[in-house]
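Participant: These are the residues of each chain, in order.
Protein chains: 2
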Amino acid sequence: MQLLEERIRRDGEIIGNDIVKVDMFLNHQIDVDLLCEIGKEFKRLFAGKNINKIVTIEASGIGIACIAAQYFSVPVVFAKKGIHRNVGNDIYEGEVFSFTKGITTKIGISKKYLNPEDHILIIDDFLANGGAVKGLIGLIEQAGAHVEGIGIVIEKGFQSGGKELRDMGYQLESLAIINSIDDGKIVFG
Amino acid sequence: MQLLEERIRRDGEIIGNDIVKVDMFLNHQIDVDLLCEIGKEFKRLFAGKNINKIVTIEASGIGIACIAAQYFSVPVVFAKKGIHRNVGNDIYEGEVFSFTKGITTKIGISKKYLNPEDHILIIDDFLANGGAVKGLIGLIEQAGAHVEGIGIVIEKGFQSGGKELRDMGYQLESLAIINSIDDGKIVFG
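Each protein sequence line maps, in turn, to chains E and G. All residue numbers in the first sequence are consecutive under numbering that gives the first Met the number 0, ending with 188. All residue numbers in the second sequence are consecutive under numbering that gives the first Met the number 0, ending with 188.
Derived by calculation from the structure, the hints in this document are not laboratory data. The hints are all genuine.
Note that the list lumps identical chains together, so a pair holds whenever it fits in one copy or between two copies.
Heads up, simulated DSSO-like pairs for lysine-lysine below, C-alpha to C-alpha not over 27 Å straight-line:
| no. | residue 1 | residue 2 |
| --- | --- | --- |
| 1 | Lys-100 | Lys-111 |
| 2 | Lys-20 | Lys-110 |
| 3 | Lys-20 | Lys-111 |
| 4 | Lys-110 | Lys-184 |
| 5 | Lys-105 | Lys-20 |
| 6 | Lys-133 | Lys-39 |
| 7 | Lys-100 | Lys-162 |
| 8 | Lys-133 | Lys-110 |
| 9 | Lys-184 | Lys-111 |
| 10 | Lys-20 | Lys-80 |
| 11 | Lys-105 | Lys-79 |
If we strip away everything but chain E, and leave its shape as in the complex, we get:
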């Protein structure tokens, strides 16, 4: 998605050789006009799919998922992080290991909001090693629901998550794939 690549080049903050911060338009300040274009592109890419729900994970995924959901005319469910036992037993639970932060976070979705009839599009902002997406797939599988596709705004092509998920057979669409960051220059795939 050219508009997005241009925006990452212009406003992304490169840190070392493997991190691009997009706090300017996606992860802290949010350019809602850009999110609308992202939402329309997801709709185009998954136009052939029967999708009745979008699932994401707090916090950065929520805005992207809500704007995209307008083009699919479906509700959003977001997985909560740091689920504690006092939420009750009425929850599908999983864990997400973040390589970036080196920590494992519990995630959960109430059993009320995932069921076997659901055909789900997973949406998230970043895909690196795929921990968050795999965590969400785990919750959806517990519910017996079906993953129709995975829509990612920015994939780090030099990390393994994208390849693993495609090898597992999922339709994974990333709107921008960063293949490498060399001397402060981003190379898209």
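Fit chain G to the supplied structure of chain E, relying on the hints for placement.
Facilitator: The following block gives chain G in isolation, referenced to the frame of chain E:
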């Protein structure tokens, strides 16, 4: 807002005499069509204001703010919770005390995304004692920016936040005000 009150009556889960969970359509599963109506109503209520940015707080506020932002044609900035020192000094910091949870949480917004020229609409899902909104006002004041108004989806009229903020002179608009919960029945203001 009648549509919202009806939805709270239908799908809100009453817990004791002071909690209404709206996980079904606002805080876990999100009815994006309803959010669109909420966004339009905020636009109508703040039509006379010169607003160039919407500020909210993660996580539940983000979806509401992003959908509403489309009707104002402005970007969203969300305060992050649990800010740590390693984020750097380039941040406006504050604290939010939650009476419900009995804990204090650090919040912060990067100095890049708030500046003295900003005319801000604060949006959040719930208002009870007003801790989150007051925390956001604190960050905005540190930046020398101006709060044009406060838009809340559900206000608990039996807690003090709403009265305090109105007494401080803010234009606070709550789309549903719960005055009391008596024997499992919600009384709106």
